[in-house]
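Same order as they appear, the protein sequences are chains S and L. The opening position of the first sequence corresponds to residue 1 in the working numbering, with each subsequent residue numbered one higher. The opening position of the second sequence corresponds to residue 1001 in the working numbering, with each subsequent residue numbered one higher.
Honestly, I wouldn't trust all of these hints.
[Said to hold, decoys possible] Keeping only pairs whose Cα atoms sit at most 25 Å apart, straight-line, the calculated SDA-like set for lysine to any residue is:
no., chain 1, residue 1, chain 2, residue 2
1, L, 1404, S, 92
2, L, 1404, S, 115
3, L, 1404, S, 23
4, S, 128, L, 1376
5, S, 128, L, 1147
6, S, 135, L, 1376
7, S, 128, L, 1372
8, S, 128, L, 1306
9, L, 1404, S, 135
10, S, 135, L, 1031
11, S, 128, L, 1343
12, S, 135, L, 1147
13, L, 1306, L, 1156
14, L, 1404, S, 123
15, S, 128, L, 1402
16, L, 1404, S, 127
17, S, 92, S, 112
18, L, 1404, S, 18
19, L, 1404, S, 125
20, L, 1404, S, 21
21, S, 128, L, 1031
22, S, 128, L, 1371
23, L, 1404, S, 7
24, L, 1404, S, 113
25, L, 1404, S, 15
26, L, 1260, S, 23
27, L, 1404, S, 122
28, L, 1404, S, 124
29, S, 128, L, 1354
Treat the hints as calculated values from the structure; they're not laboratory data.
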Amino acid sequence: MSRAEPQFDELYREVILDHYRRPRNAGALEAPTHQAEGANPVCGDEIELDVTVEGDVICEMAFRGQGCSISQSSASMMTERICGGTIGEARKIMQLFEAQLVDAAEPDPELGDLEALQGVAQFPVRVKCALLCWKVLREALNIDEREATTTP
Amino acid sequence: MTIDTARLREDFPILSREVNGRALVYLDNAATTQKPRAVIDALTHYYETQNANIHRGIHTLAVEATEAYEGVRAKAARHIGARNAEDIVFTRNTTESINLVARAWGDAKLREGDEIVLTLMEHHSNIVPWQLLAARTGAQLRYADIDAAGQLDLDELRSLIGERTKLVSVTHMSNVLGTINPIAEIAEMAREAGALLLVDGAQSAPHLPVDVEALGCDVFAFSAHKMLGPTGVGVLWARAGLLAEMEPFLGGGEMISIVKPEGSTWAEGPHKFEAGTPNIADVIAFGAALDYLDALGMADVREHEKRITAYAIEALEGSGGITVHGPHDVEVRGGAVSFEVDGVHPHDISTIVDAYGVAIRAGHHCAQLLMRHLSVPATNRASFYLYNEEREVDALIEALDEAKRVFGRVESRTAV
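With the rest of the complex left out, here is chain S (with noise of 0.2 Å):
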């Protein structure tokens, strides 16, 4: 019986178990600005994310978590690509990123690291442990739309 061996050096690229072995921005800020934290109760992946936001540019992030190597790598590339630009830059990233798993899109080079996940597309179960990091950044950032609304 000739049977095709599964291939997972291209799920698991190893930039991707770089940033799962060594995650960036990992730990906590002392006074961030903007947390969220989410968790996908069917496997328990859990990410807790700080932020500070100094005008609409987000100056430094950190994260702590556990779970598989797609949702911690996610998050610690994350965090890389987005930390030091502004809000609006964080949100086009999220959306390619979003493009790239939800909808298989071509990878985007603005996309940098990220675009390693790409092959996360092929494994619908796993998509939502890849944007789990991107869920928690958003609650972080709507929260921070919603006080913007209240505040004078």
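Since the structure of chain S is provided, determine the placement of chain L on it from the hints.
Using the frame of chain S, we list chain L on its own:
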């Protein structure tokens, strides 16, 4: 007699299918088991030849359907060594059976200051109903610890059970660790304290010979779908007289005796707790599952699972970089085997082994208290049943080797 898996596997249509180009290796039996042809045929047979509502007609079909449904009560009783079919209530699942007791018994019997004793190895279905009951009544929950080997600390459990204890509710077999708890000893403790003992048998009724009289428990709950039967059928057994002491659970048709504008009286026996049209077809098909198990004999099922579980534990730990949780002695454990692969999260394992056609479970297994106790967010779990073969364990090991290789790439480079 030894179970002949090669012959027996032909009874299970799904076991001949392929997944991702490979023969299916189904090792998620603690979640639900596959169904033999006899069970599937029983469903079709009922709908094609007997379909009628039960207990409310005197036409031939209604009589036949009622007899078939009620006949399964006796089979379920026999399966767990219960004397009376009238002490068997059909529910939707183990969860509903436990919730029924929490409502129908607990609401009337518990007061502020009373205590409910549970263990850290309980499934959420044997925790959350009691948390809700505690919130309604003011009762307190106490949790018995487990030791490093994954077994209950009986001395601690004994110290938790006292005169305030009204209920002890404990799993017969852990769905994560496979641990089989010494129910008869625990029953002795509960009896001395005058507390009710509920046993969650969801993982034991499918895999062990069970005798509720010998165990000495008051209530025993289990699910059909984990023992070759269809989904949507649970069983609640209560010792003689206990059902009569309990208040109704759901109100409606079937569970009444006489309904008057000012109030109603209740049906006797299990019918008091089976409001509305029950899951007739699936209960009848569950009867076929019980017949199948009884023909094999639960002692032989247990022997087969002991063999394959011992083989799996040795193969997993022998393959390197894998730790098996829970007791390793198959005399005190069943076939739910949780394990960790060094440096690889269970979800990543599950994705990779699925590509090899191997179905295992990754996650917290509805046992978050136990996960916290083990200091892990999740585990991998392979769980066996009567149709599993050693070559399927080998297929799992081969798939795990690939996972270790994929995740070892970066590590082996950075280790230089």
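Outcome of the hint check:
1. Our distance criterion of 25 Å between C-alpha atoms is broken by residue 1404 of chain L and residue 92 of chain S, whose separation comes to about 36 Å.
2. For the given pair, residue 1404 of chain L sits about 24 Å from residue 115 of chain S by alpha-carbon distance, which is consistent with the 25 Å threshold.
3. A hinted pair counts as satisfied when its Cα atoms are at most 25 Å apart, and residue 1404 of chain L with residue 23 of chain S qualifies at roughly 20 Å.
4. Distance restraint check for residue 128 of chain S and residue 1376 of chain L: the Cα-Cα separation of roughly 21 Å lies within the 25 Å cut-off, and the hinted pair is therefore satisfied.
5. This hinted pair does not check out: residue 128 of chain S and residue 1147 of chain L have alpha carbons roughly 35 Å apart, beyond 25 Å.
6. Proposed proximity of residue 135 of chain S and residue 1376 of chain L is supported: the alpha carbons are some 24 Å apart, at most 25 Å.
7. Between residue 128 of chain S and residue 1372 of chain L the CA atoms are separated by roughly 23 Å; this keeps the pair inside 25 Å, and the hint holds.
8. Only pairs whose Cα atoms come within 25 Å are accepted, and residue 128 of chain S paired with residue 1306 of chain L is rejected, the gap being roughly 37 Å.
9. For the hint linking residue 1404 of chain L to residue 135 of chain S, the alpha-carbon distance of about 30 Å lies beyond 25 Å, and the restraint is violated.
10. Restraint check: the Cα-Cα separation between residue 135 of chain S and residue 1031 of chain L comes to about 29 Å, which exceeds 25 Å; the hinted pair is violated.
11. At roughly 21 Å between alpha-carbon atoms, residue 128 of chain S and residue 1343 of chain L fall within 25 Å of each other, so this suggested pair holds.
12. As the CA atoms of residue 135 of chain S and residue 1147 of chain L are separated by approximately 38 Å, the hinted pair breaks the 25 Å bound.
13. For the suggested pair residue 1306 of chain L and residue 1156 of chain L, the alpha carbons sit about 29 Å apart, so the restraint of at most 25 Å is broken.
14. The suggested pairing of residue 1404 of chain L with residue 123 of chain S holds, with an alpha-carbon distance near 19 Å, which does not exceed 25 Å.
15. Pair hint residue 128 of chain S plus residue 1402 of chain L holds up; C-alpha atoms about 24 Å apart against a cutoff of 25 Å.
16. Between residue 1404 of chain L and residue 127 of chain S, the direct Cα distance comes to roughly 22 Å. Compliance with the 25 Å bound is thereby established for this hinted pair.
17. Taking the CA atoms of residue 92 of chain S and residue 112 of chain S, the gap is about 13 Å. The hint holds against a cut of 25 Å.
18. Proximity of residue 1404 of chain L to residue 18 of chain S is assessed by CA-CA distance (about 15 Å); at most 25 Å being required, the pair is judged to hold.
19. The straight-line distance between the Cα atoms of residue 1404 of chain L and residue 125 of chain S is roughly 21 Å, inside the 25 Å bound, and the hint therefore holds.
20. Between residue 1404 of chain L and residue 21 of chain S the CA atoms are separated by roughly 14 Å; this keeps the pair inside 25 Å, and the hint holds.
21. About 22 Å separates the Cα atoms of residue 128 of chain S and residue 1031 of chain L, which keeps this hinted pair within 25 Å; it holds.
22. At roughly 22 Å between alpha-carbon atoms, residue 128 of chain S and residue 1371 of chain L fall within 25 Å of each other, so this suggested pair holds.
23. Between residue 1404 of chain L and residue 7 of chain S, the direct Cα distance comes to roughly 13 Å. Compliance with the 25 Å bound is thereby established for this hinted pair.
24. The straight-line distance between the Cα atoms of residue 1404 of chain L and residue 113 of chain S is roughly 24 Å, inside the 25 Å bound, and the hint therefore holds.
25. Straight-line distance between C-alpha atoms of residue 1404 of chain L and residue 15 of chain S comes to about 17 Å, which keeps the hinted pair within the 25 Å bound.
26. With a C-alpha separation of about 69 Å, the suggested pairing of residue 1260 of chain L with residue 23 of chain S is violated against the 25 Å cut-off.
27. The hinted pair formed by residue 1404 of chain L and residue 122 of chain S meets the criterion: a straight-line CA distance of about 21 Å does not exceed 25 Å.
28. At roughly 23 Å between alpha-carbon atoms, residue 1404 of chain L and residue 124 of chain S fall within 25 Å of each other, so this suggested pair holds.
29. Among the hinted pairs, residue 128 of chain S with residue 1354 of chain L is consistent with the structure: their alpha-carbon atoms are about 18 Å apart, no more than 25 Å.
Of the hints listed earlier, those the structure fails to meet are numbers 1, 5, 8, 9, 10, 12, 13 and 26, in rising order.
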